[in-house]
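Take a look at the letters that make up each chain.
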Amino acid sequence: MEVQDTKSTLQVTPRNEEKIKKIWKTAGILLVITLAEFVMAFTMDRGILLYALFIILTIWKAKYIMMTFMHLGDEAKPLFYAIIVPLIFLVWLVITLIKEGSDIFMMRW
Amino acid sequence: MSAHSTAIEVSSKRGVWGGGNEPLKASYGKLMMWFFLLSDIFTFAAFLITYLAIRVSYPAYAGAAETFTGSNEYWPVPELVFEALPFLHGVHAPLIFVGIMTFILIASSVTMVLAVEAGHRNDRNDVVKWMLWTLLGGITFLSCQAWEWSHFIHGTDGGSLLTYVNGLGQNVTETVFGANLMVNEYGPASFAQLFFFITGFHGFHVTIGVFLLFLCFYQAAVGIYDKRGHYEMVEKIGLYWHFVDLVWVFVFTLFYLI
Numbered sequence: 148m149e150v151q152d153t154k155s156t157l158q159v160t161p162r163n164e165e166k167i168k169k170i171w172k173t174a175g176i177l178l179v180i181t182l183a184e185f186v187m188a189f190t191m192d193r194g195i196l197l198y199a200l201f202i203i204l205t206i207w208k209a210k211y212i213m214m215t216f217m218h219l220g221d222e223a224k225p226l227f228y229a230i231i232v233p234l235i236f237l238v239w240l241v242i243t244l245i246k247e248g249s250d251i252f253m254m255r256w
Numbered sequence: 005m006s007a008h009s010t011a012i013e014v015s016s017k018r019g020v021w022g023g024g025n026e027p028l029k030a031s032y033g034k035l036m037m038w039f040f041l042l043s044d045i046f047t048f049a050a051f052l053i054t055y056l057a058i059r060v061s062y063p064a065y066a067g068a069a070e071t072f073t074g075s076n077e078y079w080p081v082p083e084l085v086f087e088a089l090p091f092l093h094g095v096h097a098p099l100i101f102v103g104i105m106t107f108i109l110i111a112s113s114v115t116m117v118l119a120v121e122a123g124h125r126n127d128r129n130d131v132v133k134w135m136l137w138t139l140l141g142g143i144t145f146l147s148c149q150a151w152e153w154s155h156f157i158h159g160t161d162g163g164s165l166l167t168y169v170n171g172l173g174q175n176v177t178e179t180v181f182g183a184n185l186m187v188n189e190y191g192p193a194s195f196a197q198l199f200f201f202i203t204g205f206h207g208f209h210v211t212i213g214v215f216l217l218f219l220c221f222y223q224a225a226v227g228i229y230d231k232r233g234h235y236e237m238v239e240k241i242g243l244y245w246h247f248v249d250l251v252w253v254f255v256f257t258l259f260y261l262i
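Residue numbers (the working numbering), protein chains in the order written: chain A, 148 to 256; chain B, 5 to 262.
A portion of the hints provided could be inaccurate.
[Said to hold, decoys possible] Part of the chain B face toward chain A, derived, beta carbon under 10 Å:
id	residue
1	Gly-24
2	Leu-28
3	Gly-33
4	Lys-34
5	Trp-38
6	Leu-41
7	Ala-49
8	Val-95
9	His-96
10	Lys-133
11	Thr-203
12	Gly-204
13	His-206
[To be verified] Listed below are the simulated DSBU-like cross-link pairs for lysine-lysine, each with C-alpha atoms no more than 35 Å apart in a straight line:
id	chain 1	residue 1	chain 2	residue 2
14	A	Lys-246	A	Lys-168
15	A	Lys-210	A	Lys-246
16	B	Lys-29	A	Lys-172
17	B	Lys-29	B	Lys-240
18	A	Lys-246	B	Lys-133
19	A	Lys-246	B	Lys-29
20	A	Lys-210	B	Lys-34
Treat the hints as calculated values from the structure; they're not laboratory data.
By construction, the Cβ of each residue, glycine as well, lies at the ideal position given by its N, Cα and C atoms.
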């Protein structure tokens, strides 16, 4: 067998500084949101308000990861909706199972 | 035969369904990765929503944080369970270690997206460099999780005095140290069960991810993607790796913050 030629035949394009800057900016946003969650965990009282804020911030982070890191926002619209629309069903699952859990709580305690 | 040799004139709208084009403008591999991830989102969602449902079916710990003791009567406060650091025995450092783990995983997601960007430019050196950083992040995260599990299983010095039904069906009252699937010193049995299953399933995904990252790093380094003419594999494995990060963001919120 011949020794593999590992010389690149592809044309290397120079770095797109604007794109790279956007990636680091998103990373900064994710870091800041996580730090904010951290501070909130120790400074705020536990309760519905805090939990709601945590969940909103988490979904906000998820949006950045899916849109910027996974480039879902740059995909064709039908693909974008094929991924996002089925997730609506999860909203109902969350609502029903939290209701179920709190009903079990009422029966048990 | 060219695509334009059909005798019948078709409208541009009908052309989408006529075959021979890419309505979603993505390759087969990328589409399949997206739909696999969608199904995986449902799997993790089922786990995490189960956690929420069981969590709200138990009373929360209501007393002062300083006097917290584990009990199977109420759900523990996470920052009082996950408060240890490696090499620093007895130091109370709530959520610091898991915060570091979260930071490592997000950082490895950032280096992954930089590798994907380099792949778009066919820049082998940059791909290899960023893949190596991502690989390092993945392995570090897994090591941290191994320590976290080990600490969770072995428990604290004091343990907790619990009354529970043991594996032989007997009602016993004794001091429990650490955690297993039957009983744990932190809270109700389902607390440790859910912890093991959810972080375990996530860790399993990270492990597979690390294998894929290594494969991708190796193939990029020896020039397989250059020969192939494109770096799409970096993109597909990148999607998987970001997904692992995405799931961790939710695990972090539900397990460690709420």
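Quick rundown of the hints versus the structure:
The interface hint given for Gly-24(B) is broken, as the beta carbon of that residue sits about 17 Å from the closest beta carbon of chain A, more than 10 Å. The closest approach between the C-beta of Leu-28(B) and any C-beta of chain A is roughly 4 Å, which is under the 10 Å cut-off, so the hint is satisfied. About 13 Å separates the beta-carbon of Gly-33(B) from the nearest beta-carbon of chain A, more than 10 Å, and the hint is not met. Taken as an interface hint, Lys-34(B) checks out: its beta carbon lies about 9 Å from the nearest beta carbon of chain A, inside 10 Å.
Hint status for Trp-38(B): holds, given a least beta-carbon distance of 6 Å to chain A, under 10 Å. For Leu-41(B), the suggested interface contact is upheld, since its CB lies about 8 Å from the closest CB of chain A, less than 10 Å. A cut of 10 Å between beta carbons decides the hint on Ala-49(B): the least distance to chain A is about 5 Å, and the hint holds. At about 16 Å, the closest approach between the beta carbon of Val-95(B) and any beta carbon in chain A exceeds 10 Å, and the interface hint on this residue is violated.
For His-96(B), the shortest C-beta to C-beta distance to chain A is roughly 12 Å, which exceeds 10 Å, and the interface hint is violated. Given hint, Lys-133(B) at the interface with chain A, is violated; its Cβ is 12 Å from that chain's nearest Cβ, farther than 10 Å. Because the smallest distance between the Cβ of Thr-203(B) and any Cβ of chain A comes to about 16 Å, over 10 Å, the interface hint for this residue is violated. At its closest, the beta carbon of Gly-204(B) sits 21 Å from a beta carbon of chain A; the interface hint therefore is violated under the 10 Å criterion.
Hint on His-206(B) is violated. Least Cβ distance to chain A is approximately 15 Å, over the 10 Å limit. Proposed proximity of Lys-246(A) and Lys-168(A) is contradicted: the alpha carbons are some 44 Å apart, above 35 Å. For the given pair, Lys-210(A) sits about 26 Å from Lys-246(A) by alpha-carbon distance, which is consistent with the 35 Å threshold. At most 35 Å may separate the alpha-carbon atoms for a hinted pair to count; Lys-29(B) and Lys-172(A) meet this at roughly 27 Å.
Distance hint between Lys-29(B) and Lys-240(B) is fulfilled; the C-alpha atoms sit about 15 Å from each other, no more than 35 Å. Between Lys-246(A) and Lys-133(B) the alpha-carbon distance is near 49 Å, which puts this suggested pair outside the 35 Å criterion. With a C-alpha separation of about 41 Å, the suggested pair Lys-246(A) and Lys-29(B) falls outside the 35 Å cut-off, and the hint is violated. Between Lys-210(A) and Lys-34(B), the direct Cα distance comes to roughly 20 Å. Compliance with the 35 Å bound is thereby established for this hinted pair.
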